[in-house]
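J.: Just so you know, the sequences run in chain order F and W.
According to the numbering used here, the first sequence is numbered sequentially starting from 1.
According to the numbering used here, the second sequence is numbered sequentially starting from 1.
Wrong hints could be hidden among the right ones.
What the hints assert, rightly or not - Here are the simulated DMTMM-like cross-link-like pairs (lysine to aspartate or glutamate), alpha carbons at most 25 Å apart as the crow flies:
id, chain 1, residue 1, chain 2, residue 2
1, W, K161, W, D183
2, F, K264, F, E341
3, W, K63, F, E328
4, F, K273, W, D131
5, W, K109, F, E288
6, W, K109, F, D287
7, F, K273, W, D201
8, W, K89, W, E194
9, F, K315, W, E134
10, W, K77, F, E138
11, F, K273, F, D287
12, W, K161, W, D201
Hints were generated in silico from the structure; no laboratory data involved.
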Amino acid sequence: MKYDGRFGQYGGYYVPEVLIPALEELEEAFFKYYKDEQFSNELNDLYKHYAGRPTSLYYAKQLSEYVGFKVYLKREDLCHGGAHKVNNTLGQGLLARYMGKKKIIAETGAGQHGLATAMIGALFGMEIKIFMGVTDIERQSVNVHKMKLCGAEVVGCEGGTGTLKDAINDALRYWTAHVQDTFYVFGSACGPHPYPTIVKHFQSPIGTEARQQCLEQTGKLPDMVVACVGGGSNAIGIFSGFVDDKDVKLVGVEAGGEGVEKGKHAATIVAGKVGVLHGSRSYLLQDENGQVMETESVSAGLDYSAVGPEHCYLKDIGRAEYVAANDEDVLDAFELLTKKEGIIPALESSHGLAYLVSLKGKLDSETIVVVNLSGRGDKDVSIVEKHRPV
Amino acid sequence: MKTYKELFGEIENAALIPFFVIGDPDFDTSLEIVKTAIDAGADILELGIPFSDPIADGPTIQKADIRALESGMDVHKALDFIKLIKQYKDIPIGLLMYYNLIYQYGAEKFFNDFKAAGGNSVLIADMTIDDAAETIELQKGAGLDTVFMVTPVTEQQRMEKIAAQSTGFIYTVSVLGVTGSRDSLSSSVGGLIENLKKLTDVPVCVGFGISKPEHAVSVAKAGADGVIIGSKIVSLIEVNLGDKAKILREIRDFIKEVKKSLVAGCS
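Work the whole structure out from these sequences, hints included.
T.: In structure tokens:
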């Protein structure tokens, strides 16, 4: 490999030897094409006409009045497919095409990344296999059906609790056996190098656009940028636009589940210890022996025991702050945005909103907070209905 | 304590190296199983400490990991287990495990404690020579041999680096993919062994997918110094759960059969 893929002590590529040639090939291709004019033009064209970029930055007036400061929502929920995930799958899919790969695999938690991969499979005429935990298949059945409609095969993964971690295990296992002709479209800014770097790059339009839009609409930079963090791809995407603006506070909101103190959560940075999982060193939810713990969250997309290495680094150097939001507060925030603005947010994104609500009355009325609304909540309506019958 | 070098110097046929997950299905049964394997003719033991997320393993060994974890196996108990084996017989022991367990235990302490328990080498399934800088000196400092993997897709230059870093043996993966029994072996393994033999005097052992005596013989004939059999043996535990006598009998018979074939095959 040309680079070590480190963010401070985090990251790296802790993988079986058999995966090295594929990661080397991927690293080489990414650094060859990511600034290439033809590649960039093609990708930007797809971002614009296929994904619907730039997404808007929306001033949420009613929500702002409720919390007592100015709230702007970066509307990634308006992306094709209903979430930010398509930014990354278009980028990696195009990269796969430039590399001549026709077989694609991906893991998925909530199904958003699986769906976004299935979409580009249809678009580019590629053969797609999506690995998904059996629990997630059950709770995100609509997305499963959509993936199948796009022509993807959905492979159920049974290990552990049948969630994202198990899907990644099985996707990595499949990849080791089919490494010569298969491209693995990794969905979050974690996993082995070069994925954290690749995913951040393809999600960086969120931050670039949000920064410019905020300047255009308010004449200044936001005071705070908030995003939910599972693996951390939407968060690193929006943070990347502001990380050099030292006065902009960055806040990542993890899944507090039933409560961090109860041990049933997915708040990896808030409550984890440093470890190595899925090819990367990061904070990790694990027991005292180093066995990886199962996670719990109302949102399938944040249900992950590890987290992107760059977030761990941003935490350690004090550049970003990480907090947890509990399921009940997340459901409240889901309902609040829906009632106040007529926007149904994904439960993942509702974590950022829950943090926002926790700041109600605590910030100056001129304070500008940008929240990354990473996805829309259509997929979650039946889950919310179970918890909060209308 | 017997070194790999001594062992490979003593035996005439290819070394028979069964793999077990320590604590599968429970501590005491696992101990009896491993002792049975030693009595049946195992030359070296390859042992795994169970991990929650074994990404390099197929379903058979994943399930063994789960059984062992559910029976309460952890790193401390695994080291106790190794001491008991070494009391039974001075046989070389290599570990095949995942990095997070070592990392949480404390790498330096882990290698020292494993050496003190009588172990010979630790192959970390999710650590290649590129990241090995953070452990290799600690392993050597503890007096352990180093073992790294070579696969059918490893490039020549990298193979040279791996060979140069390996002091115990080279774990050659015969097929692409995770651990698991396969009906037939890849034909490329012969070329891989031949290639490695030109690079190093360190023994070359072959694993992944070997499930029949004839596989072992063909790998030995291709020049391997050792044959590692994992999933096939672990599956004999899985299919006979609840009947300990049968587990022991079938493992004994299988290992004896492979051993006999290896001895016959090299004469």
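J.: A separate judgement is required for each hint: does it hold in the structure or not?
T.: Hints, one by one, checked against the model:
1. W:K161 x W:D183: At roughly 32 Å apart (the allowed maximum being 25 Å), D183 (chain W) and K161 (chain W) break the hint.
2. F:K264 x F:E341: 31 Å, violated
3. W:K63 x F:E328: 36 Å, violated
4. F:K273 x W:D131: With a Cα-Cα distance of about 20 Å, the restraint between K273 (chain F) and D131 (chain W) holds, given a limit of 25 Å.
5. W:K109 x F:E288: Judged against 25 Å, a Cα distance of about 15 Å means the pair holds.
6. W:K109 x F:D287: It holds: about 18 Å lies between the C-alpha atoms, which stays within 25 Å.
7. F:K273 x W:D201: 41 Å, violated
8. W:K89 x W:E194: 33 Å, violated
9. F:K315 x W:E134: Holds, at about 23 Å.
10. W:K77 x F:E138: Not satisfied, since the Cα-Cα distance of roughly 38 Å exceeds 25 Å.
11. F:K273 x F:D287: 9 Å, holds
12. W:K161 x W:D201: Status holds; Cα separation ~14 Å.
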